[in-house]
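Q: Below, each chain spelled out in residue letters.
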Amino acid sequence: MVERHTGLSIFCHVVLLIGAAVVCMPLYFAFVAGSLTVGEVQQVPFPLVPGGHFVENTVLAWNEGQFSRLYVNSLIVTVGIVVGKLAVSLIAGFAVTYFRFPFRMTAFWLIFVSLMLPVEVRIIPTYEAVADAGGPLRSLFDAIGLTGFVADTTGYQLDAALQWNMINSYGGLILPLIASASATFLFRQFFLTVPDELCEAAKLDGAGPLKFFWDVLLPLSRANIAALSIILFLYGWNQYLWPLLFTTEKAMSTAMIGLKDLIPVADAQPAWNIAMAASFFVMAPPALVILLMQRWFTKGLVDSSK
Amino acid sequence: MPANNAIMTKNEGAVKRPGLPLRRSLSSLVGTSEAGLKASHFRRPWLAAGLLAPQLLILLFFFFIPTWKALSLAFVQVDPFGGTMIFVGLENFTTLFSSPEYRDSAILTLWFTVVQCIATLVIAGLLAFATDNVMRGRAIYKGVILLPYAIAPAISGVLWAFLFNPTVGPLAQMLHELGLAWDPNRRPFDALLLVSVAAIWKHVCYDYIFLVAAFLAVPASVMEAAAIDGARPVRRFLTVTLPMAAPTIFFLIVMNFVYGLFETFGIIDTVTRGGPAGSTNTLVYKVYQDGFRQLDLGSSAAQSVILMAIAVLFTFLQFRAVERKVNYQV
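Chains as they are written, first to last, in our numbering: chain P, 1 to 306; chain E, 307 to 636.
Here chain P stands alone, though its shape is the one from the complex (with noise of 0.2 Å):
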């Protein structure tokens, strides 16, 4: 800041107070609710200060959305997302900038045509990807004769050996949600960044590409893998429209649709308080993410969408 003005310093903290309110004000009264009984939920007006059943609240809808076995799903789902993710793309993003190959610009052509469509827009495609996995195999299969060779050969059956369904599965969760290449576009403009020299050195001294990669490479993505796990974690636990789509089992929700299932619908007994106490240790996990990790997060988010 240049020169200091009192009226403007005043103004600009009413401003941030009010922003900081509202960005509060939810939760409060989502703490309020999730701390009172049903009746008292309902009382007209509303109670300002919080009541004294929020443990009670708490437990009861951790027993009731069953969310004991939600939780690990959640948490297998979004670890599966984050190293699933990470893996995939750093090793691509190591191809692609450090080997010289045939088809290498198809390669990265692939890889970039698939930034462009948000897996929202193929909403029905997906899941018919998903529920029948096995699909393009069989018809590949089909197509080169292979499957009327074999079974006419052995007698078994290619199409029976193909049926893969992964509707209630962790596979069947995870796998569309990799499926863009973002962070392998991320890591390829990363890496193009690193001096040469490095590599030049790996080399002379004898290393070969996976001893460079994962010795000298690796250790320099560090801030980079932080920054995008934390984007990575938020995604997955957040993740809504696929769960609700790939798990027609209670067992193989996600605590997010466990959440879903709890909110009041008319003619019901409206138990907010039992919904409010849950959505409070459903979006526990990426808020404390966000609260101890803000530093890197924010240097990944502005980074990462540049």
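Hints are supplied without guarantee of correctness; some may be wrong.
[Unchecked claim] Below, in silico cross-link-like pairs of lysine to aspartate or glutamate (EDC-like), each with a Cα-Cα straight-line distance of 16 Å or less: (1) P/250 x P/64; (2) E/344 x P/197; (3) E/344 x P/200; (4) P/211 x P/200; (5) P/203 x P/215; (6) E/344 x P/64; (7) E/448 x E/438; (8) P/250 x P/261.
[To be verified] Here are a few chain E residues that sit away from chain P, every Cβ distance over 12 Å (derived from the structure): (9) 365; (10) 369; (11) 401; (12) 416; (13) 457; (14) 487; (15) 493; (16) 495; (17) 499; (18) 545; (19) 549; (20) 550.
[Claimed, not checked] Here are the computed distance ranges between Cβ atoms for each label pair: (21) P/266 x E/538: 50 to 56 Å; (22) P/38 x E/544: 36 to 42 Å; (23) P/299 x E/584: 41 to 47 Å; (24) P/83 x E/581: 35 to 41 Å; (25) P/154 x E/626: 40 to 46 Å; (26) E/618 x P/266: 36 to 42 Å.
No lab work stands behind these hints: they were computed from the structure. Please read these numbers as outputs of a predicted model, since none were measured by experiment. Note that CB positions come from ideal geometry on N, CA and C, so glycine has one too.
Position chain E against the provided structure of chain P, taking the given hints into account.
A: Quick look at chain E alone, frame taken from chain P:
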């Protein structure tokens, strides 16, 4: 910002081939035939293939094949009991465009997205301006305002659905006390307003972080020069900071549109489920409704294809914003 400069490193930008404008702008983004290859590299084609295989296989199964299916389904009619498909050409599209329901949904989506985009940007801009001009407590303000980023759209929907619930919601009670007939379950405009508020609340933090970064990046020397010329803070903000942040603002407009169009599914599904009377049935929600509820696959696929076209357009705009941003860095 290393990630930034890499897009236009010298060896990539230098070779420009004449061609279609589209192709040229793409080439400048990703480089020409051998661009993006490190000067010091390896020649082990099989190892490279092995490293690329997981990415390409996942893309093939969960990106290319579904995209291809969406494209091909858009031109056929599927009989709901399975099996038969008839090629109908553009019929799915003409039916869509002549259906008042689809037109309403498109207009609604545009309205929702534009309002959400402008409101988010203005609120975030005001907050970022204020953050730029305070000394004390900056980190705390930033930390609090960033919080909604951690919260899923679906949860944002649940929270606001509660606050504005016509019987128990504290804010709805206040509105009723003011004599306003508030009921998002019956009144279409109320429902749309509720969804918009939840969407804006959730997204302001995103624009805010980018704007704070952009405002901070304005060189102090430029600000001092403007101050010496007698420009007071508000004037400096309008004539110096805002123009210098223009690329970021353009980028955010694009991102807000993408958010409004595609990522608000969770909010709509938890708050209104497209109702009442289709008043919050945005284009993405309609794809889901028509495909999963009504099992009208052809129409749903045609809608997907239209959304794909929009998504591709926005991706181009987004990359243009990146390009501009690079040019602005003197």
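Q: Hints first: check each against the structure and report whether it holds.
A: The hints, checked one at a time:
no., hint, verdict
1, P/250 x P/64, "holds, 12 Å"
2, E/344 x P/197, "holds, 11 Å"
3, E/344 x P/200, "holds, 11 Å"
4, P/211 x P/200, "holds, 13 Å"
5, P/203 x P/215, "holds, 12 Å"
6, E/344 x P/64, "violated, 56 Å"
7, E/448 x E/438, "holds, 11 Å"
8, P/250 x P/261, "holds, 10 Å"
9, 365, "violated, 5 Å"
10, 369, "violated, 5 Å"
11, 401, "holds, 17 Å"
12, 416, "holds, 17 Å"
13, 457, "violated, 5 Å"
14, 487, "holds, 16 Å"
15, 493, "holds, 15 Å"
16, 495, "holds, 20 Å"
17, 499, "holds, 15 Å"
18, 545, "holds, 14 Å"
19, 549, "holds, 18 Å"
20, 550, "holds, 15 Å"
21, P/266 x E/538: 50 to 56 Å, "holds, 55 Å"
22, P/38 x E/544: 36 to 42 Å, "violated, 52 Å"
23, P/299 x E/584: 41 to 47 Å, "holds, 42 Å"
24, P/83 x E/581: 35 to 41 Å, "holds, 39 Å"
25, P/154 x E/626: 40 to 46 Å, "violated, 56 Å"
26, E/618 x P/266: 36 to 42 Å, "holds, 40 Å"
Hint compliance for this structure: hints 6, 9, 10, 13, 22 and 25 are not met, and every other hint is.
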